[in-house]
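Participant: Heads up: the protein sequence lines correspond to chains A and B, in order. Residue numbering for the first sequence follows our numbering, beginning at 1 and increasing consecutively. Residue numbering for the second sequence follows our numbering, beginning at 1 and increasing consecutively.
Keep in mind the hints are simulated off the structure, nothing from the lab. Fair warning: there could be bad hints in the mix.
[As the list claims (entries may be wrong)] Calculated pairs, EDC-like style, for lysine to aspartate or glutamate (alpha carbon to alpha carbon, straight line, at most 20 Å): (1) B/K57 / A/D86; (2) A/K17 / A/D86; (3) A/K17 / A/E96; (4) B/K57 / A/E96; (5) A/K17 / A/E65; (6) A/K51 / B/D95; (7) A/K114 / A/E15; (8) B/K11 / A/E44.
Owing to the predicted nature of the structure, the values given are computational and were not obtained by experimental measurement.
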Amino acid sequence: GDSVTQTEGQVTVSESKSLIINCTYSATSIGYPNLFWYVRYPGEGLQLLLKVITAGQKGSSRGFEATYNKEATSFHLQKASVQESDSAVYYCALSENTNTGKLTFGDGTVLTVKP
Amino acid sequence: EAAVTQSPRNKVAVTGGKVTLSCNQTNNHNNMYWYRQDTGHGLRLIHYSYGAGSTEKGDIPDGYKASRPSQENFSLILELATPSQTSVYFCASGDVGQAPLFGEGTRLSVL
Numbered sequence: 001g002d003s004v005t006q007t008e009g010q011v012t013v014s015e016s017k018s019l020i021i022n023c024t025y026s027a028t029s030i031g032y033p034n035l036f037w038y039v040r041y042p043g044e045g046l047q048l049l050l051k052v053i054t055a056g057q058k059g060s061s062r063g064f065e066a067t068y069n070k071e072a073t074s075f076h077l078q079k080a081s082v083q084e085s086d087s088a089v090y091y092c093a094l095s096e097n098t099n100t101g102k103l104t105f106g107d108g109t110v111l112t113v114k115p
Numbered sequence: 001e002a003a004v005t006q007s008p009r010n011k012v013a014v015t016g017g018k019v020t021l022s023c024n025q026t027n028n029h030n031n032m033y034w035y036r037q038d039t040g041h042g043l044r045l046i047h048y049s050y051g052a053g054s055t056e057k058g059d060i061p062d063g064y065k066a067s068r069p070s071q072e073n074f075s076l077i078l079e080l081a082t083p084s085q086t087s088v089y090f091c092a093s094g095d096v097g098q099a100p101l102f103g104e105g106t107r108l109s110v111l
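Using the sequences plus the hints, can you model the full thing?
Facilitator: Below, the structure is given as structure tokens:
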């Protein structure tokens with residue numbers, strides 16, 4: 001079946017420093033999957049941060065960027081300068097290009113930004 | 001505004017009891033989903049639905065039933081709750097080509 005791997009369970013970064021959260025995926029279908037980053041802020045539900053459905057494209061939102069790399073099967077999340085308010089849990093996910101829209105999630109990365 | 005509303009937000013149940021988690025969406029989406037999320041793990045799909053009257057098994061359906069009586073409502077039912085079902089449950093709705101929209105979650109504790 002499909003799988004998503006986030007290698008870092010926890011990341012701590014100082015405010016204004018750069019961030020990268022790694023995500024690699026494996027999809028069983030012939031076509032290319034849709035890729036997503038979701039975020040869960042403390043006390044809140046899961047929100048879509050960004051999505052990319054075309055291989056080679058870059059998605060961006062709230063200063064975060066992720067590029068769909070089909071050769072490396074990666075979708076790493078990056079930000080040039082983090083803020084304390086970015087502290088949250090970040091989930092990488094994929095969906096096959098079918099009618100179901102079902103998502104397969106990584107285990108999540110807890111980001112703590114130190115002031 | 002698009003919304004997915006879950007109730008209750010918190011629930012404490014006894015082992016062997018019946019638990020029903022409810023989800024309502026105002027987005028007119030055809031697809032709805034139930035996921036559970038355990039500490040240190042990603043969300044895993046329990047059941048999903050293509051529309052009113054349909055339910056499909058997800059990746060971890062054992063011990064759960066689902067009901068989709070209308071376009072707007074999708075329930076998750078634990079007929080005989082067990083402590084292993086203690087978790088946070090998320091409902092979502094979506095359509096083809098869209099990123100699913102999630103509710104705020106229900107924290108369930110089975111004692």
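Participant: Against each hint, give a clear statement of whether it holds in the structure.
Facilitator: Outcome of the hint check:
1. A threshold of 20 Å between alpha carbons decides the hint, and for B/K57 with A/D86 the separation of about 35 Å lies outside it, so the pair is violated.
2. The hinted pair formed by A/K17 and A/D86 meets the criterion: a straight-line CA distance of about 12 Å does not exceed 20 Å.
3. Taking the CA atoms of A/K17 and A/E96, the gap is near 34 Å; set against the 20 Å cutoff, the hint is violated.
4. A C-alpha spacing of about 17 Å is found between B/K57 and A/E96, which places the hinted pair at or below 20 Å, so the restraint holds.
5. Restraint check for A/K17 and A/E65: the C-alpha separation of about 15 Å stays at or below 20 Å, so the hint holds.
6. Between A/K51 and B/D95 the alpha-carbon distance is near 15 Å, which keeps this suggested pair within the 20 Å criterion.
7. At roughly 6 Å between alpha-carbon atoms, A/K114 and A/E15 fall within 20 Å of each other, so this suggested pair holds.
8. The straight-line distance between the Cα atoms of B/K11 and A/E44 is roughly 17 Å, inside the 20 Å bound, and the hint therefore holds.
The structure fails hints 1 and 3 (numbered hints given earlier, in ascending order).
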